[in-house]
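Going down the list, the protein sequences come from chains X and A. Residue numbers for the first sequence follow numbering that gives the first Met the number 0, beginning at 0 and rising by one. Residue numbers for the second sequence follow numbering that gives the first Met the number 0, beginning at 0 and rising by one.
Source of the hints: derived by calculation from the structure; they are not laboratory data. Hints may contain errors.
As the list claims (entries may be wrong) - Derived SDA-like pairs: lysine to any residue, alpha-carbon spacing no greater than 20 angstroms straight-line:
| # | chain 1 | residue 1 | chain 2 | residue 2 |
| --- | --- | --- | --- | --- |
| 1 | X | Lys259 | A | Ala318 |
| 2 | X | Lys199 | X | Lys45 |
| 3 | X | Lys238 | X | Asn268 |
| 4 | X | Lys52 | A | Arg246 |
| 5 | A | Lys6 | X | Gly61 |
| 6 | X | Lys24 | A | Met256 |
| 7 | X | Lys106 | X | Asp72 |
| 8 | A | Lys22 | A | Lys6 |
| 9 | X | Lys24 | A | Leu290 |
| 10 | X | Lys45 | X | Leu7 |
| 11 | A | Lys310 | A | Leu290 |
| 12 | X | Lys24 | A | Arg118 |
| 13 | A | Lys198 | A | Gln170 |
| 14 | X | Lys199 | A | Asn117 |
| 15 | X | Lys186 | A | Ser350 |
| 16 | X | Lys52 | A | Asn205 |
| 17 | X | Lys2 | A | Lys22 |
| 18 | A | Lys22 | X | Asn100 |
| 19 | X | Lys362 | X | Thr347 |
| 20 | X | Lys309 | X | Cys292 |
| 21 | X | Lys110 | X | Arg25 |
| 22 | A | Lys289 | X | Lys362 |
| 23 | A | Lys322 | A | Lys341 |
| 24 | A | Lys49 | X | Gly61 |
| 25 | A | Lys349 | X | Gly61 |
| 26 | X | Lys186 | A | Arg118 |
Every value quoted in this text rests on a predicted model; they were computed, and no experiment measured them.
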Amino acid sequence: MAKRETPLLDQLESGPWPSFVTDIKRQAETKPECWDILGILELSYKDRITHWKHGGIVGVFGYGGGIVGRYADVPEQFPGVEHFHTVRVAQPASKYYSTENLRGLMKLWEKYGSGMTNFHGSTGDIILLGTRTENLEPFFWDLTHDMNQDLGGSGSNLRTPANCLGMSRCEWSCYDTEECCHSLTMKYQDEIHRPAFPYKFKFKFSGCPNDCVASIARSDISVIGTWRDAIRIDQAAVKEYVAGNYPANGGAHSGRDWGKFDINKEVINLCPTNCMWMEGSELKIDDKECTRCMHCINVMPRALRPGVDKGASICVGAKAPILDGAQFATLVVPFIKVEKENEFEELTEFIEKVWDWWMEVGKNRERVGETMQRVGLPTFLSVMGIDAIPQHVKEPRSNPYIFWKEEEVEGGFERDINEFRAKHKA
Amino acid sequence: MGYNPDKPMDGRISDLGPPHYEKFFPPVIKANKGKWLWHEITQPGVLLHKSETGDEVYTVRVGSPRLVSVEYIREVCDIADKHCDGFLRFTTRNNIEFMVDSKAKVQPLLDTLASYGNRYPVGGTGAGVTNIVHTQGWVHCHTPATDASGVVKAVMDELFDYFTSMTLPAQVRIALACCLNMCGAVHASDIAILGIHRKPPMIDHNRISGVCELPLAIASCPLGAVKPAKAEVNGKEIKTVKVTVERCMFCGNCYTMCPAMPLADPEGDGIAILVGGKVSNRISAPKFSKLVIPFLPNTTPRWPETVAAVKKILVAYAADARKYERLGEWAERIGWEKFFEKCDIPFTDKSIDDYRLAYDTWRTTTQFKFTSHIK
Numbered sequence: 000m001a002k003r004e005t006p007l008l009d010q011l012e013s014g015p016w017p018s019f020v021t022d023i024k025r026q027a028e029t030k031p032e033c034w035d036i037l038g039i040l041e042l043s044y045k046d047r048i049t050h051w052k053h054g055g056i057v058g059v060f061g062y063g064g065g066i067v068g069r070y071a072d073v074p075e076q077f078p079g080v081e082h083f084h085t086v087r088v089a090q091p092a093s094k095y096y097s098t099e100n101l102r103g104l105m106k107l108w109e110k111y112g113s114g115m116t117n118f119h120g121s122t123g124d125i126i127l128l129g130t131r132t133e134n135l136e137p138f139f140w141d142l143t144h145d146m147n148q149d150l151g152g153s154g155s156n157l158r159t160p161a162n163c164l165g166m167s168r169c170e171w172s173c174y175d176t177e178e179c180c181h182s183l184t185m186k187y188q189d190e191i192h193r194p195a196f197p198y199k200f201k202f203k204f205s206g207c208p209n210d211c212v213a214s215i216a217r218s219d220i221s222v223i224g225t226w227r228d229a230i231r232i233d234q235a236a237v238k239e240y241v242a243g244n245y246p247a248n249g250g251a252h253s254g255r256d257w258g259k260f261d262i263n264k265e266v267i268n269l270c271p272t273n274c275m276w277m278e279g280s281e282l283k284i285d286d287k288e289c290t291r292c293m294h295c296i297n298v299m300p301r302a303l304r305p306g307v308d309k310g311a312s313i314c315v316g317a318k319a320p321i322l323d324g325a326q327f328a329t330l331v332v333p334f335i336k337v338e339k340e341n342e343f344e345e346l347t348e349f350i351e352k353v354w355d356w357w358m359e360v361g362k363n364r365e366r367v368g369e370t371m372q373r374v375g376l377p378t379f380l381s382v383m384g385i386d387a388i389p390q391h392v393k394e395p396r397s398n399p400y401i402f403w404k405e406e407e408v409e410g411g412f413e414r415d416i417n418e419f420r421a422k423h424k425a
Numbered sequence: 000m001g002y003n004p005d006k007p008m009d010g011r012i013s014d015l016g017p018p019h020y021e022k023f024f025p026p027v028i029k030a031n032k033g034k035w036l037w038h039e040i041t042q043p044g045v046l047l048h049k050s051e052t053g054d055e056v057y058t059v060r061v062g063s064p065r066l067v068s069v070e071y072i073r074e075v076c077d078i079a080d081k082h083c084d085g086f087l088r089f090t091t092r093n094n095i096e097f098m099v100d101s102k103a104k105v106q107p108l109l110d111t112l113a114s115y116g117n118r119y120p121v122g123g124t125g126a127g128v129t130n131i132v133h134t135q136g137w138v139h140c141h142t143p144a145t146d147a148s149g150v151v152k153a154v155m156d157e158l159f160d161y162f163t164s165m166t167l168p169a170q171v172r173i174a175l176a177c178c179l180n181m182c183g184a185v186h187a188s189d190i191a192i193l194g195i196h197r198k199p200p201m202i203d204h205n206r207i208s209g210v211c212e213l214p215l216a217i218a219s220c221p222l223g224a225v226k227p228a229k230a231e232v233n234g235k236e237i238k239t240v241k242v243t244v245e246r247c248m249f250c251g252n253c254y255t256m257c258p259a260m261p262l263a264d265p266e267g268d269g270i271a272i273l274v275g276g277k278v279s280n281r282i283s284a285p286k287f288s289k290l291v292i293p294f295l296p297n298t299t300p301r302w303p304e305t306v307a308a309v310k311k312i313l314v315a316y317a318a319d320a321r322k323y324e325r326l327g328e329w330a331e332r333i334g335w336e337k338f339f340e341k342c343d344i345p346f347t348d349k350s351i352d353d354y355r356l357a358y359d360t361w362r363t364t365t366q367f368k369f370t371s372h373i374k
């Protein structure tokens, strides 16, 4: 493949941010098909429109996901990217890697693919970008046999679960997000690889309400760490913050002079439930009023920590706007223990109950959050066998249109119009 | 021995799942999991985590373009081999984290990173702009309304100083999705850059019979704009669809379901800007991003209109918001009418919702501010 002239893309080589164009050009020295990646992209920059065809169902035997088919709509011009299928490789929990592992993957991709990747895709997978159909099976063979690794999810199946880095390097994680993510990923390999759902389904695991993996915005089942006892306070460290000896918010604001730290202004008055106050030099928290928003803990990490009776809240049904609008996940289970010892049994029982119901009533391409909207939260709760509690709503409904069930109304719905008319002339 | 195409199922291994995370832990992480006490950002891009065992881990965070080559990953491995016992990790926002177990090892690592020129910018921590999460765009996707990597590069070039510093009122999360499918789930970002279409789909009558299930194409439209129709192809009447243009909201869902309904267009496509979303539960509940600029053109290769719009919003926020206030919290405190005024963004009817549940966003109070919008 010949070198391509890319006058438009070349303008993306300047500037302080690392340039993907420069990187692709470097890769083209050993993988000349990269010139065709640049060539077709340059053409898109010129035409201001994509040059990839719609669809193309390809994959490996036995799997219904993990590969996204892609073909160029100008293959004669750019034969190096005629086929440009994407391979999704399941990422390890928390995205830690050994260089040995990465080098092994890169060797495979140099052999079978374009040499370009995404670290990582939006869902969390390692994305290997661009290969030909005939390379898919040999690649998969080597991936499984030599690397002991596997593909992730795509299509109407369980997408590769993802988690925040949790207890491995964060003091706030209220459960072991990576163990939970890894265990469930292993348990549900069949659901990841063989589409049996109405539409995609995502789990994401965040260790605390800061939700660094954005689970509440984009996962069908969002597991967010929380606690139900008191925030742990180190009063000596509180004094250090008040004295200005420890940087507020772990030093996150140190690039600007915000003035001396003011615990009233920066912590107590910003508490959304007003449940904190100072008594002399001691910080007091009325923990039963606390909604665990994390602000005070974020601002004073050396003084405050989540409690010790930890678990997670489960929220259900988040999705991006297509089609009926974006949805955040709705709080369904306020607190659940998330423990390796019983193989996350409470959580997996909950998940499987959601699946059983959604696979039966969900329409084609309907996310579970949309199914919930269609049938209503009360119906969903009753299917799940969960009693309605005020925590399920922001506020009670303001319309009176209740779907009363016959058994809830004294005497039922059956009445005789003749009996009625005997007492009430028309 | 390798794959044998004559016996494809022989020796096949499946359902292995990902490798166990623990074997990729740097030793200091393995020894201190669950024991971390507190953390501090010692300088932009450098985090210190302190364990109850007394151990420390220093993390150096660098931005990556996400679209990276095999050679790039090998170079990253060289750095991790030299300084980090052969381990590293990636963040959910496409940053790379190099970890070392003592303060003395930080500066040599920073020096190595700096020796690669601008390839490994250190930053993305605290009250700054961290890396932009984004989708594929024109480099791989079949439905995009804009590119992804190029727009991100242009925006990050302009915002670079915010990546390497911590001068903002709070962190600002920017995300880009190249069409309304929003693979990047940008709908809860402080600033969302979203590719949008503005022309209704064309119908390829010659192809539709071969590639589309007509009922699925019709059902795909949330507004019932796709209807059954007939057309003549090569003198023969075929079943096809038509689009009621007045009802089309340009979501592209029909094209996802039916390849014979392409809607991308150089003039029609471009970028909308949405702001004020967040996912954290900190202080206020998670919020969706709100549409403030309905359209900016795809001016390749550096999208100057988009870059300028993002910068303008960021500068106005940085100047006016209070410490800890996220962009959406600031806009809500000052009022959206003030937001438009302070950011010098013209308000148009395109920012008024007229889709489902739109009424929830209409103002039903006499509380408002007299801004320049009231003539």
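Next item on the list: Compare the distance between the alpha carbons of Lys198 (chain A) and Gln170 (chain A) with 20 angstroms, and conclude whether the hinted pair is satisfied.
Entry: This hinted pair is violated, its Cα atoms lying about 36 angstroms apart.
Item checked: 20 angstroms Cα cutoff - pair Lys6 (chain A), Gly61 (chain X) -> holds, 14 angstroms
Notebook entry, point to check: Given the proposed pairing of Lys199 (chain X) with Asn117 (chain A), does the C-alpha separation stay at or below 20 angstroms?
Noted result: violated, 38 angstroms
Next item on the list: Mind checking the alpha carbons of Lys22 (chain A) and Lys6 (chain A) for me, to see if they're no more than 20 angstroms apart?
Entry: violated, 34 angstroms
Margin query: Between the alpha carbons of Lys45 (chain X) and Leu7 (chain X), is the straight-line distance 20 angstroms or under?
Written below: holds, 8 angstroms
Note to self: Lys110 (chain X) and Arg25 (chain X) were given as a pair; does the straight-line alpha-carbon distance stay at or below 20 angstroms?
What the structure shows: holds, 17 angstroms
Checklist line | Given pair status - Met256 (chain A), Lys24 (chain X), alpha carbons within 20 angstroms | finding: violated, 35 angstroms
Check: Are the Cα atoms of Lys322 (chain A) and Lys341 (chain A) separated by 20 angstroms or less?
Finding: holds, 18 angstroms
Notebook entry, point to check: Is the Cα-Cα distance between Lys186 (chain X) and Ser350 (chain A) 20 angstroms or less?
Noted result: Roughly 45 angstroms separates the two Cα atoms, so the pair is violated.
Margin query: Against the 20 angstroms threshold, does the CA-CA distance of Lys24 (chain X) and Leu290 (chain A) hold or violate the hint?
Written below: Outside the cut-off at roughly 37 angstroms; violated.
Next item on the list: Take the C-alpha atoms of Lys49 (chain A) and Gly61 (chain X), compute the straight-line distance between them, and say whether it is at most 20 angstroms.
Entry: violated, 46 angstroms
Note to self: Hint check: Lys289 (chain A) vs Lys362 (chain X), CA-CA at most 20 angstroms. Holds or violated?
What the structure shows: violated, 29 angstroms
Violated hints, listed in ascending order, are 2, 4, 6, 7, 8, 9, 13, 14, 15, 17, 19, 22, 24, 25, 26; each of the other numbered hints is respected by the structure.
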